[in-house]
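Undergrad: This is what each chain is made of:
Number of protein chains: 4
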Amino acid sequence: MIRQIGVLTGGGDCPGLNAVIRAVVKTTLTQYGWRVSGIEDGFEGLVFNHTRPLKLEDVRGLLPRGGTILGTTNRGNPFSMRVPRGDHFETRDVSDQVVANFRALELDALIVIGGDGSLKIAHELIAKGLPIVGVPKTIDNDLMGTDITFGFDTALATATDAIDKLHTTAESHHRIMIVEVMGRNAGWIALEAGIAGSADAILIPEIPFRYEPLEAMIALRDRTGRKFSIIVVAEGALPVGGAEVYQAPARAGQLARLGGIGAEVALELERRTDREARTLVLGHLQRGGSPSAFDRLLATRFGAAAVHLIANRDFGKMVALHGWRVASFPIADAISKLKRVPPDGELVRTARDMGIVFGDETIERG
Amino acid sequence: MIRQIGVLTGGGDCPGLNAVIRAVVKTTLTQYGWRVSGIEDGFEGLVFNHTRPLKLEDVRGLLPRGGTILGTTNRGNPFSMRVPRGDHFETRDVSDQVVANFRALELDALIVIGGDGSLKIAHELIAKGLPIVGVPKTIDNDLMGTDITFGFDTALATATDAIDKLHTTAESHHRIMIVEVMGRNAGWIALEAGIAGSADAILIPEIPFRYEPLEAMIALRDRTGRKFSIIVVAEGALPVGGAEVYQAPARAGQLARLGGIGAEVALELERRTDREARTLVLGHLQRGGSPSAFDRLLATRFGAAAVHLIANRDFGKMVALHGWRVASFPIADAISKLKRVPPDGELVRTARDMGIVFGDETIERG
Amino acid sequence: MIRQIGVLTGGGDCPGLNAVIRAVVKTTLTQYGWRVSGIEDGFEGLVFNHTRPLKLEDVRGLLPRGGTILGTTNRGNPFSMRVPRGDHFETRDVSDQVVANFRALELDALIVIGGDGSLKIAHELIAKGLPIVGVPKTIDNDLMGTDITFGFDTALATATDAIDKLHTTAESHHRIMIVEVMGRNAGWIALEAGIAGSADAILIPEIPFRYEPLEAMIALRDRTGRKFSIIVVAEGALPVGGAEVYQAPARAGQLARLGGIGAEVALELERRTDREARTLVLGHLQRGGSPSAFDRLLATRFGAAAVHLIANRDFGKMVALHGWRVASFPIADAISKLKRVPPDGELVRTARDMGIVFGDETIERG
Amino acid sequence: MIRQIGVLTGGGDCPGLNAVIRAVVKTTLTQYGWRVSGIEDGFEGLVFNHTRPLKLEDVRGLLPRGGTILGTTNRGNPFSMRVPRGDHFETRDVSDQVVANFRALELDALIVIGGDGSLKIAHELIAKGLPIVGVPKTIDNDLMGTDITFGFDTALATATDAIDKLHTTAESHHRIMIVEVMGRNAGWIALEAGIAGSADAILIPEIPFRYEPLEAMIALRDRTGRKFSIIVVAEGALPVGGAEVYQAPARAGQLARLGGIGAEVALELERRTDREARTLVLGHLQRGGSPSAFDRLLATRFGAAAVHLIANRDFGKMVALHGWRVASFPIADAISKLKRVPPDGELVRTARDMGIVFGDETIERG
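Protein chains in written order, with the numbering used here: chain A, 1 to 366; chain B, 1 to 366; chain C, 1 to 366; chain D, 1 to 366.
Simulated from the structure, these hints should not be mistaken for lab results.
Treat the hints with care, since some could be wrong.
As the list claims (entries may be wrong) - Per label pair, the in silico range of CB-to-CB distance:
id, chain 1, residue 1, chain 2, residue 2, range
1, A, 241, D, 103, 39 to 49 Å
2, B, 74, C, 185, 32 to 42 Å
3, B, 31, C, 185, 52 to 62 Å
4, D, 312, A, 268, 50 to 60 Å
5, D, 84, B, 31, 33 to 43 Å
6, B, 74, A, 267, 49 to 59 Å
7, C, 105, A, 60, 27 to 37 Å
8, C, 271, B, 74, 18 to 28 Å
9, B, 90, C, 271, 20 to 30 Å
10, A, 108, D, 225, 23 to 33 Å
11, A, 219, C, 184, 56 to 66 Å
To be verified - Heads up, incomplete: computed chain B residues facing chain C, CB under 8 Å, no partners named:
id, residue
12, 172
13, 177
14, 259
We treat Cβ as the ideally placed atom computed from N, Cα and C, and that holds for glycine.
Model the full structure from these sequences, guided by the hints.
TA: Here it is, written out as structure tokens:
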């Protein structure tokens, strides 16, 4: 029988986390009458027993607010945690402590709102017997098992708005403007914001690029009177052969010193063309802000659905969006591999139909 | 063999129309080398031979712009069109003229971007032998055969933003604020914006409402210190029994004089409670503005896909979004009935989980 | 010696009220060490002794939030207040009660954040001996003594954004779109949003209009291929002779039934031209939302300056913006008359330079 | 007698340039009947005779668009221009050519829309006899002679929006977030966006900072439960003694390698506290986007006023905003020195009233 559930947020900040928390609290309290315990700073809160009860008044006005009132951290893996021991720190497996605390806190179920990393931890805790349901969170949209999750739409809007803003300045100054967006392993934001923002080139991790097609595109645009270009680069994009080259420590250091792949592309294109190039790294801007209507709705549906999963004792699952329907999906399968952009899929093809260059094609300079 | 295609936009304005036109032109010209003829003001352009060639430079910068450069009208049904005859006007079937003009203009296929009404006309013209593909357009999201279409996301964002703005003024003045949004036959915008904007009640055509639950909700909120309420009303919402009552001419006139159902709800709630109520009719604001990133992307995909349908000679179909995949769907089936909000579906249930009232429930005043 | 001050917000809601409250609390507590008492729902709170202490934690996160945490009302005039007496209500002068409560609450000064109405009340209470400083609040920008006040910039942005959104729909449908904005006595919002939003005509209370120039403008635009028009109307705009006509009860009732002057203009222009006309009444949308950066800054400066005025015992003044400098101005002078748009001023002239019509000119239909 | 005027835009891109151009064209053509010649890419267009006539249809729809349709460049000083000579480039004074071209193009007056740099060039060309009026453009707001100019309000809104977005992510992750904004010589954007965005510290060129007060502020916030901080840094801000230190080539190189002062502050604060720090460099985002309503209005007024100055043959002046009135100001005086933030002024004092730290104070860690 369930009397109290816990809820935590793990991994990077994401618009909609608070909306999920609010939906969890509202659904639990008004539909089931259980109590909700908010666990602070991801799994760390279960290690150090940092929790607080969440009531209806704690979640009022929370829907439009970005961030998470519970706090989050990227460092809270209880299977390998840096904890104080005497006068120094050591890295230890404190997962048994987490299990013991879970019992001591009188929790009957746990909702883990998190991405790949947090869900892997959840998976291991499930193996230790904890009754957990997941709510997928990935601003990069690279998690398997759900067609999309909250936060991505807001990040996409922020990235597209930035590209819009750079258009006029690129055009006025006849410049190459490069926007580096999130996406270490998957280029979803770059691809979708690039199409929505009418970029001239999109560079993503899934399609290694060469500089020649970029040069040719710039030359071709020049010849037809458009003396500027917009290039959207996912932070994980790499030139052909780059995966090997960039692993070399000296080269990796050079890339980091430059400030990322966006800066490298700018440098190289200035070298190869007579245009000025400027880079904007959007960074944390993409994680912030009030969630879009779409994300508020999806986060609310996910939060409510997670509570219903618990009521059905359907543990080990995460809520998911399949098509436009809320469904569930085994956490074990969701963490098995990343969801990446299919290089030959309809989205990339549509981008090519619009004349967008990916750096893998052959282009005549016109 | 295809050498030239036509494209027209019909029915009400919708964010993303220009993005579709742009994608059609880019895909046609760069991928297939056919010509594109832009037909002005919906089917009227085919009646009066108002067309112009569309080239790449005509669609530059068009992606972020709302509206349609081709113009549109709600009055252009060639099967029943008001046309001049001598010194007066008469209503006639000019569809044969449309077919003749289509041939005379040397069009080999036609893309109709439109909603229920325009697709019905397209369906009849297909029966007369015209090779047509459709692109579904409905800001209300009530068209069968596609999970969603462009424009809805932007309208949803506009409605949610308005609700956000009214929250603080409602709270500061302890008022009931009523927002009337689009949705004559289906309550999608009201439902989704209501959840996303944290409304206290949502009234939609699919769920006839009574005033007692609204009163009770207001009283209950009062008792817990929240002396304001936000109610989102679809323009087609009706009280229980309203369908009959409002058909009576006198009553319909009264409703129109009041300024719609939102104004009536305000009047009635002021009468039943001691709170002031104010109404905002969002109206055309929902059709305007730059399309959201989501809508720009979807409109672009639809435009490109429509051209590919033509290349495959897959006429009689419209492009569609099934889940997150672009697919196609027979126009004949799309126009057979409207897609309405399932009153017992997951979305309505989620809204109820959030404590949102639909006016069909029994509520104790606490 | 000052130990505690009170602060209240009166009149209509306005973006930036919370920012003023926050600045008052922060400045008072950290710079002077006095206490702050928040008075609820305008002067009503002084009649019924509804107050609460305001501490730093009460104003955290308040800067970007619209509305007022203190509540406000348009009905709280203590010199003429509807108060319960036995089993009925009566209208009475309870200002002595306000003075007595002020003493009993141990307040040493009072900050009144309000417009014309609230400052008039403040003025009368000053005459009764209360040490009051004012913070001017008028979303219409019609208050004398300050070049501008907070809230106007946000309302202007909302109105301009609405006009932007209607542009594409007006153009797509070849319609006349009419936007009715706030401004009962002064046309500042209509004038500035009209220029910023590229309206074709602006109708304001300061310039009575005729329909002929509007007709001529529409005809002229038609002839040059622009088959749509945008007209911005202040709610207080009137046709030539309208002031008399509209005072007649039957006519006033007719105007109210139509839904305001915007609806009347639409009706009349549909009658006089062959174009469809649609009206949007922006209404409360203009009072809501997060204050713009400009308004947050100005509200913060005003809040801090009001506290410094108290420290200088400079009572009977309101803070004001003269040019770009924060100054002070006698409340007695501020309430003596309204600040209206000079019909021959540079702003109106600039609008005319842009080709915008005010309805008082003679235009040839081209 | 005036028959034709020229207009050019110089220096960095800025929201509102197109609005000025539109107002110049509309006012000139409809009020005076002169012709307008658009000069491309700043003064370069006068060197190479790159001009085109501007008609009413060229400026339609231009008001809300960022950037400049005339193009601009930072490299076009005719008194020291890199021009081709035979097979190489050389830097030469081509100002006589500019004067000759001005005559040959049959221009009777010239409007220079530009900042400090462009107005200095204009000043020298005036000395050579050209009849020039200026329109001040400075996104940093550091130009003497005008209280404010267009573009600043939009940049301020963009910077404030970014700070808003970073708030939730800073709070969720308990991080120090540093936002680097424009302002090489003057801290206006940092100061105003910092106040409007509720920053905890603001670092500007006018107030050299030490790290100790920042550390103390962070420690004090920690002790009161706010485990995050937002710091806004103008790109030209320097630590105490930094002006000397950073001039040393090695150090300047180090700063550039780090990616600017924002990155250095992050590095240093991570070293001095146990918090993570992240930097966002807003960069070109601040120059882009649709101008705010305020900027559209101001740009329109400036454009119209510049034409009226020409009609009055009031050359050698630039238009200016004095208080809220459009006035004029000698270009010679405007370029004599920069307008910087007064360290003891009311704005800085207000920021301090709000508890914002500038790095020059003594703070106890609580």
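Undergrad: It remains to establish, for every hint, whether it holds in the given structure.
TA: Hint by hint, here is what the structure shows:
Judged by the Cβ atoms, the range 39 to 49 Å given for residue 241 of chain A and residue 103 of chain D is violated: they are separated by roughly 58 Å. In this structure the hint that residue 74 of chain B and residue 185 of chain C lie 32 to 42 Å apart at CB holds, the actual value being about 38 Å. Distance hint check: the CB atoms of residue 31 of chain B and residue 185 of chain C are about 60 Å apart, consistent with the given range 52 to 62 Å. Residue 312 of chain D and residue 268 of chain A have their C-beta atoms about 52 Å apart, which keeps the hinted 50 to 60 Å range intact.
Take residue 84 of chain D and residue 31 of chain B: their Cβ atoms lie about 41 Å apart, and the range 33 to 43 Å holds. Between residue 74 of chain B and residue 267 of chain A the CB atoms are about 54 Å apart, so this pair conforms to the stated range of 49 to 59 Å. Separation of residue 105 of chain C from residue 60 of chain A is about 29 Å and conforms to the stated range, judged on CB atoms against 27 to 37 Å. Here the CB-CB span from residue 271 of chain C to residue 74 of chain B is close to 20 Å, well matched to the stated 18 to 28 Å.
In this structure the supplied range 20 to 30 Å holds for residue 90 of chain B paired with residue 271 of chain C, their Cβ-Cβ distance being about 23 Å. For the hinted restraint 23 to 33 Å between residue 108 of chain A and residue 225 of chain D, the CB-CB distance of approximately 30 Å keeps it satisfied. A hinted range of 56 to 66 Å holds for the C-beta pair residue 219 of chain A and residue 184 of chain C, which are about 60 Å apart. Satisfaction of the interface hint for residue 172 of chain B is found here, the shortest Cβ-Cβ separation to chain C being roughly 4 Å, below the 8 Å cut-off.
Residue-level restraint check for residue 177 of chain B holds (minimum Cβ-Cβ distance to chain C is 7 Å; threshold 8 Å). For residue 259 of chain B, the suggested interface contact is upheld, since its CB lies about 5 Å from the closest CB of chain C, less than 8 Å.
The earlier numbered hint that this structure contradicts is number 1, and it is the only one.
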